[in-house]
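Student: Sequence:
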Amino acid sequence: MSLVTIWISSTDSYSERRWTPHLTIAELRAKLQPITGISAGSQRLALSINPGGTTDRSILLDNDELTLLDYGVQEGATIDVYPHSAALAGQYNDVSQVEKFELPIQEYEKRSDSLLAFKIRNKLGRFNDDQNKQSEEECIPIKKNYKRNIHSDLGVKSPLLLSHQMKFNQKHPYWIGVELDEPVKQHTTKLFPRGKNNGSVDGHPYFECPPNRGIFIQPDRVTLGDYPPLDFLTGINDDDDDDDEI
Numbered sequence: 001m002s003l004v005t006i007w008i009s010s011t012d013s014y015s016e017r018r019w020t021p022h023l024t025i026a027e028l029r030a031k032l033q034p035i036t037g038i039s040a041g042s043q044r045l046a047l048s049i050n051p052g053g054t055t056d057r058s059i060l061l062d063n064d065e066l067t068l069l070d071y072g073v074q075e076g077a078t079i080d081v082y083p084h085s086a087a088l089a090g091q092y093n094d095v096s097q098v099e100k101f102e103l104p105i106q107e108y109e110k111r112s113d114s115l116l117a118f119k120i121r122n123k124l125g126r127f128n129d130d131q132n133k134q135s136e137e138e139c140i141p142i143k144k145n146y147k148r149n150i151h152s153d154l155g156v157k158s159p160l161l162l163s164h165q166m167k168f169n170q171k172h173p174y175w176i177g178v179e180l181d182e183p184v185k186q187h188t189t190k191l192f193p194r195g196k197n198n199g200s201v202d203g204h205p206y207f208e209c210p211p212n213r214g215i216f217i218q219p220d221r222v223t224l225g226d227y228p229p230l231d232f233l234t235g236i237n238d239d240d241d242d243d244d245e246i
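Residue numbers in the sequence shown follow our numbering, run continuously in steps of one, and reach 246 at the last position.
In short, the hints are calculated from the structure, not lab data. Please note that the accuracy of each hint is not assured.
List of simulated lysine-lysine pairs, DSSO-like, C-alpha gap at most 30 Å [said to hold, decoys possible]:
no.	residue 1	residue 2
1	K31	K100
2	K100	K110
3	K119	K100
4	K123	K110
Simulated restraints on C-beta separations [said to hold, decoys possible]:
no.	residue 1	residue 2	range
5	S13	L124	36 to 44 Å
6	E16	P205	49 to 57 Å
7	G41	K123	53 to 61 Å
8	K110	T20	35 to 43 Å
9	L60	S200	54 to 62 Å
10	P219	E107	33 to 41 Å
11	L60	D113	55 to 63 Å
12	S39	K110	41 to 49 Å
13	H204	E182	19 to 27 Å
14	N50	V98	38 to 46 Å
15	E107	Q74	54 to 62 Å
16	V98	S13	17 to 25 Å
17	S114	D70	55 to 63 Å
18	S114	K196	28 to 36 Å
Even for Gly, the Cβ is constructed at its ideal location relative to N, Cα and C.
Given the sequences, and given the hints that come with them, work out the whole structure.
Tutor: Okay, here's the thing in structure tokens:
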């Protein structure tokens with residue numbers, strides 16, 4: 001007999017293997033150890049000849065000197081692997097007891113060979129004072145509850161409610177709060193964005209609008225103007241190639 005397909009089932013895994021039926025049970029245990037995370041000496045094996053069938057029968061594989069063929073293994077059989085003790089299951093998956101390298105944030109900030117040090121030296125990201133200052137200057141100066149239609153390259157044409165320094169994103173602190181024309185809960189098309197909130201984020205209210213009609217957009221993606229509301233029955237197929245979504 002050539003290789004046979006065997007399904008291996010344990011508390012943490014379920015996989016397919018193709019092995020020779022001439023494997024001894026001792027050799028089988030060694031193969032199952034890295035698959036199931038149960039050490040060879042802690043395994044209790046049961047062979048299901050016809051799993052799920054009307055004539056399903058389970059055979060305990062308790063003689064390490066016999067082979068799978070001796071136990072009558074067949075194509076598509078299942079071997080259930082149990083630990084002698086529940087505490088012995090999934091030993092390879094539990095990393096809580098594994099010694100790990102840990103570095104306190106204070107020590108990390110002192111290192112000169114870290115990504116943080118590289119960004120500070122080269123004034124990248126939040127360490128670029130000129131870019132941050134420019135972003136603040138370019139932020140649209142809008143007072144709270146100022147209402148005017150906007151157009152965004154994300155496909156939004158809706159009343160703009162405010163421009164505010166947000167607490168939920170320090171990397172990009174300035175956002176535009178927008179109330180969508182309709183409470184869109186899902187991406188019905190790429191043309192329409194998904195409403196995500198009612199103007200509040202993490203319990204902090206920035207503006208008020210009905211549920212699922214509030215979103216926030218970066219200022220550089222917004223243009224002020226008099227734009228008519230979108231007709232949801234038109235333009236659905238016009239921008240199918242637009243990959244920008246929020």
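Student: Hints first: check each against the structure and report whether it holds.
Tutor: A quick look at each hint next to the structure:
1. K31 <-> K100: Since the Cα atoms of K31 and K100 sit roughly 27 Å apart, the hinted pair holds (cutoff 30 Å).
2. K100 <-> K110: holds, 20 Å
3. K119 <-> K100: holds, 26 Å
4. K123 <-> K110: holds, 17 Å
5. S13 <-> L124: 36 to 44 Å: Holds, since S13 and L124 (Cβ atoms, about 43 Å apart) stay within the stated range.
6. E16 <-> P205: 49 to 57 Å: The hinted range 49 to 57 Å holds for E16 and P205, with Cβ atoms some 53 Å apart.
7. G41 <-> K123: 53 to 61 Å: With Cβ atoms ~58 Å apart, the hint holds.
8. K110 <-> T20: 35 to 43 Å: The hint (35 to 43 Å, Cβ to Cβ) is violated, given that K110 and T20 are roughly 57 Å apart.
9. L60 <-> S200: 54 to 62 Å: holds, 60 Å
10. P219 <-> E107: 33 to 41 Å: holds, 37 Å
11. L60 <-> D113: 55 to 63 Å: The hinted range 55 to 63 Å holds for L60 and D113, with Cβ atoms some 57 Å apart.
12. S39 <-> K110: 41 to 49 Å: Between S39 and K110, where Cβ atoms are some 42 Å apart, the hint holds.
13. H204 <-> E182: 19 to 27 Å: holds, 25 Å
14. N50 <-> V98: 38 to 46 Å: holds, 40 Å
15. E107 <-> Q74: 54 to 62 Å: holds, 59 Å
16. V98 <-> S13: 17 to 25 Å: holds, 19 Å
17. S114 <-> D70: 55 to 63 Å: holds, 59 Å
18. S114 <-> K196: 28 to 36 Å: Cβ of S114 to Cβ of K196: about 34 Å, so the range 28 to 36 Å holds.
Comparing the model with each numbered hint stated earlier shows that hint 8 is the single one that does not hold.
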